[in-house]
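There are 2 protein chains.
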Amino acid sequence: MNQRSQVTVGVLGGMGPEATLSFFDKVLRTTASPDDQGHLHLLIDNNPHVPDRNSAVAGRGPSPAPALAEMAHRLEVAGADYLVMPCNAAHAFRDAIEQAVSIPFLSIIDETREAVLRAFPQLGCVGVLASTGCIDANLYQDAFAADNITVLVPEGEDRVCFMDLVYRVKSGDKSDAVRAGMRAIAEALIDRGAELIVAGCTEVPLVLSGTDLPLPLVDSSDVLVQSTIRRAGLESG
Amino acid sequence: MNQRSQVTVGVLGGMGPEATLSFFDKVLRTTASPDDQGHLHLLIDNNPHVPDRNSAVAGRGPSPAPALAEMAHRLEVAGADYLVMPCNAAHAFRDAIEQAVSIPFLSIIDETREAVLRAFPQLGCVGVLASTGCIDANLYQDAFAADNITVLVPEGEDRVCFMDLVYRVKSGDKSDAVRAGMRAIAEALIDRGAELIVAGCTEVPLVLSGTDLPLPLVDSSDVLVQSTIRRAGLESG
Numbered sequence: 001m002n003q004r005s006q007v008t009v010g011v012l013g014g015m016g017p018e019a020t021l022s023f024f025d026k027v028l029r030t031t032a033s034p035d036d037q038g039h040l041h042l043l044i045d046n047n048p049h050v051p052d053r054n055s056a057v058a059g060r061g062p063s064p065a066p067a068l069a070e071m072a073h074r075l076e077v078a079g080a081d082y083l084v085m086p087c088n089a090a091h092a093f094r095d096a097i098e099q100a101v102s103i104p105f106l107s108i109i110d111e112t113r114e115a116v117l118r119a120f121p122q123l124g125c126v127g128v129l130a131s132t133g134c135i136d137a138n139l140y141q142d143a144f145a146a147d148n149i150t151v152l153v154p155e156g157e158d159r160v161c162f163m164d165l166v167y168r169v170k171s172g173d174k175s176d177a178v179r180a181g182m183r184a185i186a187e188a189l190i191d192r193g194a195e196l197i198v199a200g201c202t203e204v205p206l207v208l209s210g211t212d213l214p215l216p217l218v219d220s221s222d223v224l225v226q227s228t229i230r231r232a233g234l235e236s237g
Numbered sequence: 001m002n003q004r005s006q007v008t009v010g011v012l013g014g015m016g017p018e019a020t021l022s023f024f025d026k027v028l029r030t031t032a033s034p035d036d037q038g039h040l041h042l043l044i045d046n047n048p049h050v051p052d053r054n055s056a057v058a059g060r061g062p063s064p065a066p067a068l069a070e071m072a073h074r075l076e077v078a079g080a081d082y083l084v085m086p087c088n089a090a091h092a093f094r095d096a097i098e099q100a101v102s103i104p105f106l107s108i109i110d111e112t113r114e115a116v117l118r119a120f121p122q123l124g125c126v127g128v129l130a131s132t133g134c135i136d137a138n139l140y141q142d143a144f145a146a147d148n149i150t151v152l153v154p155e156g157e158d159r160v161c162f163m164d165l166v167y168r169v170k171s172g173d174k175s176d177a178v179r180a181g182m183r184a185i186a187e188a189l190i191d192r193g194a195e196l197i198v199a200g201c202t203e204v205p206l207v208l209s210g211t212d213l214p215l216p217l218v219d220s221s222d223v224l225v226q227s228t229i230r231r232a233g234l235e236s237g
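Chains as they are written, first to last, in my numbering: chain A, 1 to 237; chain B, 1 to 237.
Since the hints were derived computationally from the structure, they do not count as laboratory data.
Some clues are possibly wrong.
Same chains, same names: a pair is fine if it fits in one copy or spans any two.
No farther apart than 20 Å at their CA atoms in a straight line, the calculated lysine to aspartate or glutamate pairs in the DMTMM-like style are these [to be verified]:
1) Lys174 x Asp222
2) Lys174 x Asp158
3) Lys26 x Asp136
4) Lys174 x Asp35
5) Lys26 x Asp222
With the rest of the complex left out, here is chain A:
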């Protein structure tokens, strides 16, 4: 049963465009509606010119903070009731976004943490497939810090390899080789003790799905879709 929602959701997108497209696609699939009017009003700023988040966190490139703040402000002026951003690493610049607007910002990191704790209350160790920006900004490490949960992320060669795979996905390469590479990195986290894997980068679910792994995969993009829809007062289809 689908209700109508008059809420407008602002989407800080384009990081990357394919992940934003996937977010939009999942919102449509999840708000099953018999007609146009039952769907969710989304204002999507697919801005691919936001400076690279990973380079910025590493101090090797310009900060995306001004661009993100401007996008957030524009979305608020255009009528957004709250904001979401289907990119984990960009959440390193969350403060700049929240300072630019007076509407709420729904964090993919916080929502994913809550979804994980809800579904796996006994969890002791989580493996997060995250980009270097997300890792170096300690986004998931900090989120789980108070929960007595160990957060494992790709290390050494795997971290380098993971970034290569993410940029290959961004370039349009969603081949079996890329999927196999992602799977191997997830399996290394499992070998190190992870009890479940979080896809903590929105490029990951473009190639890797739960059926690829022997343990549960929590997709941060899926979580954000569910949270976005729930907050709008719509039920999942």
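Please arrange chain B on chain A, whose structure you already have, making use of the hints.
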């Protein structure tokens, strides 16, 4: 080879959301880029609450003109350099959009006419799969009026059946039965003398493709994607 474009395209969307998603998807596929930054900046207002265009043209529902004008204005204020709208029938309210903004509006009807004339200069008769709103507002009939090209549209039972199929697609039904129904209506246009078929409704290509028909299918949604990208100064991938 992909150039960078600083252009921002405003998309009046949500009519329906699936057609807007498909437009976004096709833009990404067409602007092949090795990275995020080479893609096109799109501001997408996926507003599914725009009153039904077909009911409005038939005088059986509220006009979408105020909502479309407001969306166009918001997109201009948010920084759009020009506007596109991946919905043919809504072009019956084009005047309201153009009066609300000072930036150009790229018409799917005009662009499709030009693409058809470019590709088929000897054309004498075109069949257009169009919704009742698009037909009753004479959008394609008027567009081709000066070209000595006969415009055929679904008549009688076929027109009723086509609308049923469009609303089934909007409800998420992209089954073989829906495709077969669309194909039969296109074939009736061919039997009446159409030398090619225009998918003049953005729900059509969600189920029907060129390989389903014995004659060329010109997809208005594809044409709008190409025109949007060309105008941004980007080349197709």
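Here is what the structure says about each hint:
no.: 1; hint: Lys174 x Asp222; result: within (19 Å within a copy, 23 Å between copies)
no.: 2; hint: Lys174 x Asp158; result: within (18 Å within a copy, 41 Å between copies)
no.: 3; hint: Lys26 x Asp136; result: neither (29 Å within a copy, 34 Å between copies)
no.: 4; hint: Lys174 x Asp35; result: between (32 Å within a copy, 14 Å between copies)
no.: 5; hint: Lys26 x Asp222; result: within (7 Å within a copy, 22 Å between copies)
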